[in-house]
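**Q** Residues per chain are reported as follows:
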Amino acid sequence: MLTLLAVPLTLLTIQQPGAIAQRLAGRVSPNVAALVEQLGTAGSARGLPVDPLIQKAIEGSAKGIPDDRVAAAVRRVATLLDTAAAALREGGLASDTLAITAGAFAITAGLSANDITALARVGARPQALTVGLRVAGTLAALGVPPAENIALVSVSLRSGKPAADLLLLPADVESEVAKGLTPAAAAAGLSRAAAAQARHGPPPGHGQERPHPPAPPHP
Amino acid sequence: MSDHDFHPLVKQLLDGDLTLAELPAELRAEGEEALRLLAAADRTPVSMPAVTWRVMAALERRRRRIRPWLLAPALAIAAAFILWIWPARLTAPPPLVTVRFVLVAPDAKAVSLAGTFNQWDAHATPLVRAGATGVWTATLSLPAGQHQYAFVVDGQRWVPDPGAPAVDDGFGRRNSVLTL
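Listed in order, the protein sequences are those of chains A and B.
Residue numbers for the first sequence follow my numbering, so the first one is 1 and each next one is one higher.
Residue numbers for the second sequence follow my numbering, so the first one is 1001 and each next one is one higher.
Don't read these hints as lab results, they were simulated from the structure.
A hint or two may mislead.
[To be verified] Per label pair, the in silico range of CB-to-CB distance:
1) Ala94/A <-> Leu1020/B: 52 to 60 Å
2) Pro1095/B <-> Gly26/A: 27 to 35 Å
3) Asp1154/B <-> Ala196/A: 48 to 56 Å
4) Ala1144/B <-> Gly123/A: 16 to 24 Å
5) Ala1124/B <-> Ser29/A: 19 to 27 Å
6) Ala171/A <-> Ala1124/B: 25 to 33 Å
7) Arg1100/B <-> Ala164/A: 16 to 24 Å
8) Pro1106/B <-> Arg125/A: 42 to 50 Å
9) Ala1110/B <-> Arg69/A: 25 to 33 Å
10) Ser1141/B <-> Gly123/A: 31 to 39 Å
11) Gly1163/B <-> His200/A: 34 to 42 Å
Each residue gets a CB set at the ideal place from its N, CA and C atoms; glycine is no exception.
Can you build the whole structure from these sequences, using the hints too?
**A** Here it is as structure tokens:
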């Protein structure tokens, strides 16, 4: 049985280095390419995605960043992927490269490993969780504090909303912020509305319509 | 002796599908006789030409050496092949979403878009200036997912999208974020 597992995993692992070198050829310096290949091969053997490392190396080179700083940024991305993977495992999700990438992005945007674990513990399917992590990262980038952020994304994931509705949360928050609310207040209001809708169901004749955003503050 | 001589239930007895006790009482004698003949046949030496005998014996030894676990490497290679093929064949590509990028840059001579969707190629996606307004636009079809990007003004200046959330790019600048 071990042979059954070991051979495919080995074959999958050894096909990565060629793919990494091919994508980096002519785009980054040999030193950076070697680092990405080393980190990517080691990471993929642990079930981590390679693409974020490649992207960061190419990005740094395209922006004219010196090699040592590109290398540092690539190493940081590798650490973030490890942290996100561990946080997701802690939350009960086995290796899923898209979720790990989304988790690493969310941490970059300002969330913590504990926040990632909290979202994983909601128990959403990996695909929904991946969208939730991307949205949480985007909300963090918009300035929504972690507590309100995780509360809003968690209640939305628990309600089983389609991905399209989750993806609208940042726009909903921006809309409320444009009316004068802070990002925290906007997210908290949307959370309350979503929780109320989950308890009582959607308004008659509205099917799975999105929750009403909170009212803007009185002047 | 041919097995056609026996009752169908006795044939099942010879095949091991039934036991003697399961045979109807009137067939038990026939069954016992059939088993006796079978046992005698099994013990009867069979004379075979020497070469044929050795070949058959060798084949028999070879057949006996086969063990199920020896199939594991073959199955593993098959599994590896399937795992290698599946992602390419069975993973549906994410749906495309049309996105319009806009930057107001009246003084710019050229504006382009670089990001994760075009391998950060500053020349791959130029924006078009709308008349003399200083509004630069580009409309792209991007796969659903998360993208980071920046505008590149006059081929040198990397500018985050003022209308989009942004995150630290790890190089002391900001990347805009697009979640589709």
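**Q** Run every hint past the structure and note whether it holds.
**A** Each hint, compared with the structure:
1. Ala94/A <-> Leu1020/B: 52 to 60 Å: Cβ of Ala94/A to Cβ of Leu1020/B: about 55 Å, so the range 52 to 60 Å holds.
2. Pro1095/B <-> Gly26/A: 27 to 35 Å: holds, 31 Å
3. Asp1154/B <-> Ala196/A: 48 to 56 Å: Because 51 Å falls inside the window, the suggested range holds.
4. Ala1144/B <-> Gly123/A: 16 to 24 Å: The hinted range 16 to 24 Å holds for Ala1144/B and Gly123/A, with Cβ atoms some 23 Å apart.
5. Ala1124/B <-> Ser29/A: 19 to 27 Å: Between Ala1124/B and Ser29/A, where Cβ atoms are some 21 Å apart, the hint holds.
6. Ala171/A <-> Ala1124/B: 25 to 33 Å: holds, 27 Å
7. Arg1100/B <-> Ala164/A: 16 to 24 Å: At 19 Å between Cβs, range holds.
8. Pro1106/B <-> Arg125/A: 42 to 50 Å: holds, 47 Å
9. Ala1110/B <-> Arg69/A: 25 to 33 Å: Holds, since Ala1110/B and Arg69/A (Cβ atoms, about 26 Å apart) stay within the stated range.
10. Ser1141/B <-> Gly123/A: 31 to 39 Å: Distance hint for Ser1141/B, Gly123/A holds at roughly 34 Å.
11. Gly1163/B <-> His200/A: 34 to 42 Å: The hinted range 34 to 42 Å holds for Gly1163/B and His200/A, with Cβ atoms some 35 Å apart.
Consistency note: the structure conflicts with none of the earlier hints.
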